[in-house]
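J.: Below, each chain spelled out in residue letters.
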Amino acid sequence: MSERLPPALLEKFKDLQTEPIKSRIRNKNTTALAQAIGHKDQKYVGEGAAISPAYIGTLVVKGLFSLADAAVKNDKGEDVKLITNPGKILHGSMGYKYMDLDCVKDGDVLITTGKLTKIFVKNDMLFLYADMVSKREDGTVVQETNIGAICRKGGF
Amino acid sequence: MVKASDLTVGKKVEFAHGPITRAEIYAYGKASKDENGIHMTDDFAVQMGLGAVIAHGMLSYGTTIAEVDNWLAGSGKLAAIDCEMRGMVRPGDVVYSTFTVKEVSGKKIKFTWEQYSKCPLTISKGGNVVVTFEGEERKWVAEKDKPLIKTEELKAPLKWVKTTWDPPFPAGKYQEAVETWNDGGELKFLWRLSLQGNAEIELKE
Chain A
1 MSERLPPALL
11 EKFKDLQTEP
21 IKSRIRNKNT
31 TALAQAIGHK
41 DQKYVGEGAA
51 ISPAYIGTLV
61 VKGLFSLADA
71 AVKNDKGEDV
81 KLITNPGKIL
91 HGSMGYKYMD
101 LDCVKDGDVL
111 ITTGKLTKIF
121 VKNDMLFLYA
131 DMVSKREDGT
141 VVQETNIGAI
151 CRKGGF
Chain B
1001 MVKASDLTVG
1011 KKVEFAHGPI
1021 TRAEIYAYGK
1031 ASKDENGIHM
1041 TDDFAVQMGL
1051 GAVIAHGMLS
1061 YGTTIAEVDN
1071 WLAGSGKLAA
1081 IDCEMRGMVR
1091 PGDVVYSTFT
1101 VKEVSGKKIK
1111 FTWEQYSKCP
1121 LTISKGGNVV
1131 VTFEGEERKW
1141 VAEKDKPLIK
1151 TEELKAPLKW
1161 VKTTWDPPFP
1171 AGKYQEAVET
1181 WNDGGELKFL
1191 WRLSLQGNAE
1201 IELKE
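As given, the protein sequences belong to chains A and B, one line each in that order. Sequential numbering of the first sequence, starting at 1, is according to this note's numbering. Sequential numbering of the second sequence, starting at 1001, is according to this note's numbering.
No lab work stands behind these hints, which were simulated from the structure alone. For every residue, glycine included, the Cβ atom is placed at its ideal position computed from N, Cα and C. Some hints could be false.
BS3-like cross-link-like pairs, simulated, lysine-lysine; straight-line CA separation at most 25 angstroms [said to hold, decoys possible]:
| # | chain 1 | residue 1 | chain 2 | residue 2 |
| --- | --- | --- | --- | --- |
| 1 | A | Lys97 | B | Lys1110 |
| 2 | B | Lys1003 | A | Lys40 |
| 3 | A | Lys43 | B | Lys1033 |
| 4 | A | Lys153 | A | Lys62 |
| 5 | A | Lys40 | B | Lys1110 |
| 6 | A | Lys153 | B | Lys1146 |
| 7 | B | Lys1107 | A | Lys97 |
| 8 | B | Lys1107 | A | Lys40 |
| 9 | B | Lys1159 | A | Lys40 |
| 10 | A | Lys43 | B | Lys1003 |
| 11 | B | Lys1139 | A | Lys153 |
| 12 | A | Lys97 | B | Lys1102 |
| 13 | B | Lys1204 | A | Lys97 |
| 14 | A | Lys122 | B | Lys1144 |
| 15 | B | Lys1011 | A | Lys97 |
| 16 | A | Lys62 | B | Lys1030 |
| 17 | B | Lys1107 | A | Lys43 |
| 18 | B | Lys1012 | A | Lys40 |
Rough simulated footprint, nothing fancy, chain B against chain A, three-plus residues with beta-carbon under 8 angstroms [as the list claims (entries may be wrong)]:
| # | region |
| --- | --- |
| 19 | 49-63 |
| 20 | 88-99 |
Please model the complete structure; the sequences and the hints are all you need to start from.
T.: So this is what it looks like as structure tokens:
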């Protein structure tokens, strides 16, 4: 348990929406990522490139990390931030279900939204879990994710 | 070409990646826009109590996705994947991923998978340490992880990352090069579970 974040206050963060992450797909960015992780298939490189499933993960992580600025009001009406030191956050787990990644092309905008589903302190660490979804602007779902992060002692 | 008929329950598909360099971690940070200092700057990572930069979990996960995609080579696609991040991956580590077929349902194949990181610590010959790697020098092995230390006789050349600092670690600029050790000996290394989960692919045939 954290003195700054007693269980009742921690509970207020549950169901908190992550900041919507709007990302315009750019070939140069998706290509850079594909090259950074070692894709050999040229379909991930250059003009008209497909996006790697791993690229979607980068959008989701941004959404989760937007929670670092989240705050709720305590009994005195003061804002209490969830995370005090984002450097203490580590990515903990994830599960991706890919729907129709092949339809995502250069210039498309993906909007990734989500909400915190579980939050607790155990062994002096703060555990956060969120369900997230990335859609095209026309509403087509391209992936669903559940993702977890751990904030180490001193970071919350 | 990968075909469903070639994949029976229990069959293993293995991939290796590395040794991972700081340049690779940095490039992934830039490409993914995850430029958290614990991955990008040793100075910051040391301040955060990590001893040195660590690889993004999404990098070791991403390289695995790329390896699966390279293996499929257009004969199918990854439909779903999940994992828990169990241990840190450091510069100089080699990661080994093993996918084991759990279920075959037509052209859909389900796997369990796990990834271990191999962090080299020392090479000894005749009881004397002849090479000390960064993991040993910077004491990356926590007390609780000491039971995970293993040794093996080197029977094949070992690729490793030689990193030099000026001024000294962690604030200095570094230079790194992947070198090969060809002179045998006994390798001491940390063998740690880094990722573990499930995956599903859909094949064309």
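J.: Going through the numbered hints above, which ones does this structure break? Give me the numbers in ascending order.
T.: As far as the earlier hints go, not one is violated by this structure.
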